[in-house]
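Q: Single-letter residue listing:
There are 2 protein chains.
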Amino acid sequence: MEVFLKSVSALSDETRVLLLRFIDTYGESCVCDLQASLSMIQSRLSRHLKILKEAGFLRVERKGTWAYYSIRSPLDRFRSEALAEIRCMPIELPPLKKLSETGECKL
Amino acid sequence: MEVFLKSVSALSDETRVLLLRFIDTYGESCVCDLQASLSMIQSRLSRHLKILKEAGFLRVERKGTWAYYSIRSPLDRFRSEALAEIRCMPIELPPLKKLSETGECKL
DNA sequence: TCATTATATCAATATATCTTGATATTGTTA
DNA sequence: TAACAATATCAAGATATATTGATATAATGA
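Going down the list, the protein sequences come from chains X and Z. Residue 87 in this note's numbering is what sits at position 87 of the first sequence, and the numbering runs on without skipping anything. Residue 1046 in this note's numbering is what sits at position 46 of the second sequence, and the numbering runs on without skipping anything.
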């Protein structure tokens, strides 16, 4: 798909906007932390994270079995502007649950 | 729908991106001109123009039975940036057919 | 190597969006 | 008012996208 269309399609879904806002707010997160914090099913998360990554908003870093997703940097003008808009949205962010650090992870 | 989601959803469709690019390039156009130039069915055009209008990209001005659509101005930062992206897209623009002015309109 | 955990992908269904043709609305002119 | 042209809306089917549960892959440690 064309680059711009891929970017805006990625943004046109509530779940993905929430993910971007969450990761932008709390910083790099692994899938199991997102799963615990947002109470989302794992396959659903994986799908949306992939779409956001392929649209140029996220990057992944593997650390052992964990995959850490973070906001890709630097973002181009359009994506930065989009992220700025998302920062202003009235979203109820659930608190962060860092299972990957407290060793409670086993979902 | 939430404002930002409405904007990006409006942008995430090839037909609407083409419409924006067309109107941005050739200036204010009525539906029958778009119909002739883009060889699109009228109900389809009407639908997409409405979505773009409600997303804040277009405005309409009625002149008699004609409805002239143009880029809304001023656009906010995000929408301007989006339009700038669209201006850079490699789109094959069909030539403008100004039926509404030459009196050939009767579709 | 086997077992375990985290993540990714797949297949089926559910949901949303687009396209089309038909009909309704609005404005103009006779 | 009647007839017509331009545009908008509606309803049906077609297409795309999202969600879920099941399965596959990858990394780790015993």
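Rather than coming from a laboratory, the hints here were simulated on the basis of the structure. None of these values were measured; they are calculated from a predicted model. Any given hint could be a false lead.
Said to hold, decoys possible - Straight-line Cα separation of at most 30 Å, DSSO-like style, residue types lysine-lysine; simulated pairs:
#, chain 1, residue 1, chain 2, residue 2
1, X, K50, X, K6
2, X, K53, Z, K1006
3, Z, K1098, Z, K1063
4, Z, K1006, X, K50
5, X, K6, Z, K1050
6, Z, K1097, Z, K1063
7, X, K6, X, K63
8, Z, K1006, X, K6
9, X, K6, Z, K1063
Q: Each of the hints needs a verdict: does it hold here or not?
A: Against the structure, the hints:
no.: 1; hint: X:K50 to X:K6; in the structure: holds (12 Å)
no.: 2; hint: X:K53 to Z:K1006; in the structure: holds (22 Å)
no.: 3; hint: Z:K1098 to Z:K1063; in the structure: holds (15 Å)
no.: 4; hint: Z:K1006 to X:K50; in the structure: holds (22 Å)
no.: 5; hint: X:K6 to Z:K1050; in the structure: holds (22 Å)
no.: 6; hint: Z:K1097 to Z:K1063; in the structure: holds (18 Å)
no.: 7; hint: X:K6 to X:K63; in the structure: holds (28 Å)
no.: 8; hint: Z:K1006 to X:K6; in the structure: holds (16 Å)
no.: 9; hint: X:K6 to Z:K1063; in the structure: violated (37 Å)
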